[in-house]
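Protein sequence lines, in the order shown, are assigned to chains G and U.
If you read the first sequence in my numbering, its first letter stands for residue 1, the second for the next number, and so on.
If you read the second sequence in my numbering, its first letter stands for residue 1, the second for the next number, and so on.
There may be inaccurate statements among the hints.
With a straight-line cut-off of 30 Å between C-alpha atoms, the simulated BS3-like cross-links for lysine-lysine are [as the list claims (entries may be wrong)]:
id, chain 1, residue 1, chain 2, residue 2
1, U, Lys15, G, Lys24
2, U, Lys144, G, Lys243
3, G, Lys247, U, Lys144
4, G, Lys24, U, Lys114
5, G, Lys186, U, Lys241
6, U, Lys144, U, Lys259
7, U, Lys29, G, Lys229
8, G, Lys243, U, Lys209
9, U, Lys244, G, Lys186
10, U, Lys127, G, Lys24
11, U, Lys237, G, Lys247
No lab work stands behind these hints: they were computed from the structure.
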Amino acid sequence: MLDYYDEISALFDIYENEERLSEKAICNKCKNLIKKHHFNRDFIYCINDVVNDRGYCFKFEIDLETGKVFDAMEYSFLITNAKKSQKKTEQLILYLKKVNDHRLIFASIYALKVEYLINLGIIENNKWTKAHSKNNFRDLLFISANDENNYQLCIKTAEKLGLKYIKLPYMQFWLDMEGLLWTIEKADPKKGYIKVNTIKVAFGITPRIYFERGEKKYYDALGSKNLNKYLKLIDQKMLEIVKEKYKNSVEPTRMWGYSLLFNVL
Amino acid sequence: MVNKINKSIKKDNMKSFFTNTYRLFVDNKINIDELKKRLDSKNIILPSEFYLLSKPEQKRYFRYQSTIVHLAKKFENEEQEVFFNSNYFYWIAKQAAKSIKATNELISYLHDLKEVNLIFLGMQQIKVKNTKLRLNEKMMEYIKKKKIHNLYDLMIDLIGSPHFLADEKELRDKLIDFLKAENSLGFDLNDATNKFFFLMENLLHVLPKKEVNTLKVKFLVLSKDHLRKSDYYDLHKSPRKILKNYQDRGVFTTGALSKLKRHLKDNPYLVDGMYPNGYMALYYAFIADSEVK
Numbered sequence: 001m002l003d004y005y006d007e008i009s010a011l012f013d014i015y016e017n018e019e020r021l022s023e024k025a026i027c028n029k030c031k032n033l034i035k036k037h038h039f040n041r042d043f044i045y046c047i048n049d050v051v052n053d054r055g056y057c058f059k060f061e062i063d064l065e066t067g068k069v070f071d072a073m074e075y076s077f078l079i080t081n082a083k084k085s086q087k088k089t090e091q092l093i094l095y096l097k098k099v100n101d102h103r104l105i106f107a108s109i110y111a112l113k114v115e116y117l118i119n120l121g122i123i124e125n126n127k128w129t130k131a132h133s134k135n136n137f138r139d140l141l142f143i144s145a146n147d148e149n150n151y152q153l154c155i156k157t158a159e160k161l162g163l164k165y166i167k168l169p170y171m172q173f174w175l176d177m178e179g180l181l182w183t184i185e186k187a188d189p190k191k192g193y194i195k196v197n198t199i200k201v202a203f204g205i206t207p208r209i210y211f212e213r214g215e216k217k218y219y220d221a222l223g224s225k226n227l228n229k230y231l232k233l234i235d236q237k238m239l240e241i242v243k244e245k246y247k248n249s250v251e252p253t254r255m256w257g258y259s260l261l262f263n264v265l
Numbered sequence: 001m002v003n004k005i006n007k008s009i010k011k012d013n014m015k016s017f018f019t020n021t022y023r024l025f026v027d028n029k030i031n032i033d034e035l036k037k038r039l040d041s042k043n044i045i046l047p048s049e050f051y052l053l054s055k056p057e058q059k060r061y062f063r064y065q066s067t068i069v070h071l072a073k074k075f076e077n078e079e080q081e082v083f084f085n086s087n088y089f090y091w092i093a094k095q096a097a098k099s100i101k102a103t104n105e106l107i108s109y110l111h112d113l114k115e116v117n118l119i120f121l122g123m124q125q126i127k128v129k130n131t132k133l134r135l136n137e138k139m140m141e142y143i144k145k146k147k148i149h150n151l152y153d154l155m156i157d158l159i160g161s162p163h164f165l166a167d168e169k170e171l172r173d174k175l176i177d178f179l180k181a182e183n184s185l186g187f188d189l190n191d192a193t194n195k196f197f198f199l200m201e202n203l204l205h206v207l208p209k210k211e212v213n214t215l216k217v218k219f220l221v222l223s224k225d226h227l228r229k230s231d232y233y234d235l236h237k238s239p240r241k242i243l244k245n246y247q248d249r250g251v252f253t254t255g256a257l258s259k260l261k262r263h264l265k266d267n268p269y270l271v272d273g274m275y276p277n278g279y280m281a282l283y284y285a286f287i288a289d290s291e292v293k
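One chain only, chain G, in its complex shape:
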């Protein structure tokens, strides 16, 4: 990445100081460079960084790949059966990849049994994963947080499940916030997930439709009344660790629900 940045930066020095090109002309030069690099994503990110660092006001928009449109009926069928069937688990994973929405993936990984993931070759078959074969992937992911090797194993698995950018800092922040919410489920295994889903809906982290199965709603529709009570259930020790970790770095430029939640806590 850095190599690209330096390479582009050197070109900008020539454009600005020797060729004295206008902003528009520099923009056109960038278009040619991007074509030459076959629309490489990393290269485009670097171009945008250099353009920004040099004070110009244009940028290249990497349009998001649009996935399959979410179908509540199809999803409900898959998610309710995935826990019981390896085949449905496989279909659910394929479905998540097609929809390509991290919010849906975070809302669904509780239904992925580790045993099935091992059988499907999505997660490595080793002593640790075997010991947790009855758990779901959501539990496994957060249990592994204190063990670097196992955590990396889970991250790799998450990448395979469609969380392509999970290693990037913003996603790591989201993951830490998910981890905080998970502590509510840990403390209240029976009803915790309803409380977590309610918080997620209230802060716009996840669209409510992802927690609806036909008539059934897996969140508290009048959540705002109990929201503070629910937030207090978050593990305070974990909360302090996350707060300390991100106290200077959460400078959200967009209204992401996780950032809102972080600031409220």
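Chain G is already provided as a structure; the job is to place chain U on it using the hints.
Same frame as chain G, now just chain U:
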């Protein structure tokens, strides 16, 4: 009259001279010394900190429009995007305090930004006497009587107050029409969502301005870049503690709260159905607190 027209032409010429000269600097045709020389020759004075900035910062100082080039369509699609530039915003706001023209420019900028939080921020910088509302005698009498200066305070006072006199209704309607007009801010207060944002502002209005800004930054209504450092407090304070402190002191038990609750009763799915935003989070934290008590 001729003098007035001449003055106006001169001002317009100065503006286009500045825009063109600044463009030459952005386009690498002249350096900073040349820019200063050319502007000095026309007595155009830039903010003093401008010359202390780095070249990229200088290039971006007065810019508020960006070109987005879409890659998916192989560069065929380009669009202009207006973005918030705090340097430009506070620079134009400073001029707007004294000038009708600059006020119109600020209004048009806020209109193009189309963000309600920034509209509220900008309204605090707009003097009522520099807007079209100055042509309404009754309105001018009203702001004189109430000692109101900026558009934001006028909106809170006239629309936010729980009771208003019959003859104030006309002024209230005038103000709503003015805010809504396309050649003004394009901000429709009759829209249920906008009204919710307004009522949240109305609720917070009783707190000290710096405290409100601190809460706004914490709840992502505004970012730090939208404000100057002196406009908010230490951001390490817990926003819920700040709110609780005021709640315990009964600051919010005013008509503003009942107005907000009435609006939400009339529109029960409004907040839950919104795209996530800071006002919504503020509402959840606030209402949750008050209900738990």
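Cross-check of the supplied hints:
1. Lys15/U to Lys24/G: holds, 22 Å
2. Lys144/U to Lys243/G: Roughly 48 Å separates the two Cα atoms, so the pair is violated.
3. Lys247/G to Lys144/U: violated, 45 Å
4. Lys24/G to Lys114/U: holds, 26 Å
5. Lys186/G to Lys241/U: OK: Lys186/G and Lys241/U at ~26 Å, within 30 Å.
6. Lys144/U to Lys259/U: holds, 26 Å
7. Lys29/U to Lys229/G: violated, 61 Å
8. Lys243/G to Lys209/U: holds, 26 Å
9. Lys244/U to Lys186/G: holds, 28 Å
10. Lys127/U to Lys24/G: violated, 37 Å
11. Lys237/U to Lys247/G: Roughly 11 Å separates the two Cα atoms, so the pair holds.
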